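Please build the complex by placing chain U on the supplied structure of chain X, with the hints as guidance.
In order, the protein sequences belong to chains X and U.
To convert, count from 1 in the first sequence and add 879; that's this note's numbering.
To convert, count from 1 in the second sequence and add 879; that's this note's numbering.
Honestly, the hints are just simulated from the structure, not real lab data.
Accuracy of the hints is not assured; some may be wrong.
You can't tell identical chains apart in this list, so a pair holds if it fits in one copy or across any two.
What the hints assert, rightly or not - In silico lysine to aspartate or glutamate, DMTMM-like type, Cα no more than 25 Å apart, as pairs:
#1 Lys1193 with Glu1219
#2 Lys1193 with Glu1276
#3 Lys1051 with Glu1252
#4 Lys1193 with Glu1303
#5 Lys882 with Glu1219
#6 Lys1234 with Asp914
#7 Lys1234 with Asp1116
#8 Lys1193 with Glu1163
#9 Lys955 with Asp1053
#10 Lys1051 with Asp918
#11 Lys1234 with Glu1201
#12 Lys1193 with Glu902
#13 Lys1051 with Glu1239
All values reported here derive from a predicted model rather than from experimental measurement.
There are 2 protein chains.
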Amino acid sequence: MTKIELDKTFEANRDRYLREWSEFLAFPSVSTDPDHAADCNQCAQWLADHLAALGFAVRLIPTASHPVVLAERPGKPGAPTVLFYGHYDVQPADPLNLWLTPPFNPTLRQDRLYARGAQDNKGQVFAALKAIETLVRANQLDATLKILIEGDEETGQMPILKVLDREKAALKADIVMAADTGTVSSGAPTLTMGLRGIIHLTAVLTGPDHDLHSGVHGGRAPNPALGIARLAASLHDASGRVAVPGFYDGVQEPSQAERALANAEPLDANRYASLTGVQPLGGEQGYSPIDRTAFRPAIDLNGIHSGYGGTGSKTIIPSRAEIKISARLVPGQQPARILEAIISHLQRNVPAGLKLEITEQGIGGPAVRVDLESPAVLLARQVLSELSDQPLAFLWEGASVPILSYLPAIAGGQALLVGFGSEEDNIHAPNESYSLDQFKKGYLYTGLLLGRFESR
Amino acid sequence: MTKIELDKTFEANRDRYLREWSEFLAFPSVSTDPDHAADCNQCAQWLADHLAALGFAVRLIPTASHPVVLAERPGKPGAPTVLFYGHYDVQPADPLNLWLTPPFNPTLRQDRLYARGAQDNKGQVFAALKAIETLVRANQLDATLKILIEGDEETGQMPILKVLDREKAALKADIVMAADTGTVSSGAPTLTMGLRGIIHLTAVLTGPDHDLHSGVHGGRAPNPALGIARLAASLHDASGRVAVPGFYDGVQEPSQAERALANAEPLDANRYASLTGVQPLGGEQGYSPIDRTAFRPAIDLNGIHSGYGGTGSKTIIPSRAEIKISARLVPGQQPARILEAIISHLQRNVPAGLKLEITEQGIGGPAVRVDLESPAVLLARQVLSELSDQPLAFLWEGASVPILSYLPAIAGGQALLVGFGSEEDNIHAPNESYSLDQFKKGYLYTGLLLGRFESR
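The following block holds chain X by itself, in its conformation from the complex:
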């Protein structure tokens, strides 16, 4: 279908799309809250019915948590297979008192639909589904289309991994699409070309078996608060480079083309400061602020706690100290090896007299890198160029979407990450919204793109 035909269909069905999208949003499918387990189930069932009505063979696959929706519609012989990934679960809506209208009562104001999940990820998913519907009804979808929509993206757990493992054959695809990303701040059409991997751990340092008097024992008893500060400080050298031996081993540098595209619009330090309150001065020397989140791994301290934190002074040597560490990884870094390297480094640097325990650790997944020259990306670039006058933006995200670390490899396909989210959508915050304009962009992109995967 042409852009004009898709546009015409969108406008003719706009009210219905909005109505159905609102139905989808009305399910409070808050995955982290056990009280909403039934809502998650009903939401998954609603999606399954919706896809079945479009001619998909649909399965609701149970997991240790919420069910996964897996749907398939065979295409024409010789046409590629596309796997579309999304999630139907949403973040909790609290604090409720900050919402202008109730989070599960979708409300349109000035062409933005307000609801929890309006963008992340129900809105972006539903825009794609309506494009698929349009192609199916017009008999213009040659590709075999597989749709995988899970209900545990916001839980930090991945019960879906077991499903992926069992359903490897059913998930086989040439292209793995997701619409869970956003555009650069100018709003230019954006291809996400990379995501960092993530690991995390909690380390506890213990010393005295009770808080000691810092006068009686100061300079004699080893102090876990001082010890944890030393341990945390040992993670980086004075220049900001990670000092954990082996951390940078195998790190893949981006190509010249990737680096140039990533830095096409340099980070405006003042704009950054106005959004965050800080200048972009963290991390390694010798790399641009964009390079540092796009192509460089990082270790951050997410928390450090020991001893007294109230008003005034309390002269103790605390008995215990804790740090929470996470690392963002780039291609070439194996998460399990990096986790091990950090733990070994901590163990080697335990100050005399104190004991270290790793009380919690986890691997989100390795980094994701999308190939600039893959046929799917080239096609998406073509389609996005037709939809906008703005030059395309290429984004190597610092954040992680752990499932996307695994899915393309399991499916054996090329990743293609294009989404239309923006900062003002307030995802994970009160008054989340998604504009009809963004929704339509997602619809047009998906429709044009999927329509081009023809049988040969």
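Relative to the frame of chain X, chain U by itself:
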């Protein structure tokens, strides 16, 4: 009076002493709790009446907090003037449920009196007062005796400093005695020869104006948690020596005699570990564990807090981090200069992009060092030798008693710090107690000592 006469008087009056001491303990003079302000007042009034009955001229001097009791009894011409310091306020009694008998209902069990303040400091003060009573009634007290008993020792505030300043003339003395210390663990008679000074501060490091996503911003935004760890770690070098420039300037080394006496009974590392849960491995290399608290200054971290501290992981770059620092000082270190040196050091080491604020700071006082060869100390050594077969112990305490940093200088006298507290007294804890045996030792020591200050 001789030791035998004092002993006889003690035994003859034992029951009355116990009764009066229990009366003194029954006042819940908890100085930090505004609800107990009236109790503090009544306790001070009771003390004043008690001293007046002994023939002292007594004043109850109001302060910004609880009143100070200042009493004086002129001695014979040519006899020295002795100032006795103590405090009538006590620590809070909670947790109440851990007391076997109510904290303000003094109870005798197996020759120990159980009550809040039984030792600290009401018990030690009252033993001295009963010795003074004995000497007065026997007309055996030649010295001019001044008694200063305050009600804010446990508050961490020093409203008494203004009183000292105004009453400088009235406080003039040759010897300043206090009975707020203890004996070494063997129970041998102990002269406390030093106390460390103390300063403290709270430093806050701010970065982003809200917690940032550590994926999106990791390696780009400066991280206050990492920054505070670096700052805290910068306080010491790798060997445990304080790395703040100027910190050790002017530190006075002990004499050979002092060092030898302090180390007469070396610290038993295993006993230390059984009491504290740690080996004595903190602080500076090259000094014995005893030297490190007796003669060396120290900086400790009393608290460090930033970011997430709950279960599992939360991938944020925290917006704020805080440390609480205290330093213990030795003779030769000026508290105000050390405080300034630490603050300057922190300011010079603020990581790029973060802001440092010192939100709270305080000076307890400088170190106290008692002269081994002062006539008062020589006399006390003589008296203590007569009271015990055990060799005397000399203790340079790591802890601080801020008022004693000022009082000897203001009075213009020599400090003399002898007390009979022991670890099993559980001061500041539930079931505080003081044995009749300890009480009697304090009585005999004070009686013998004060009786020796004759007119010449």
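Q. Any hints this thing doesn't respect? Which numbers, in order?
A. Hint check: 5, 6, 10, 12, 13 fail, others pass.
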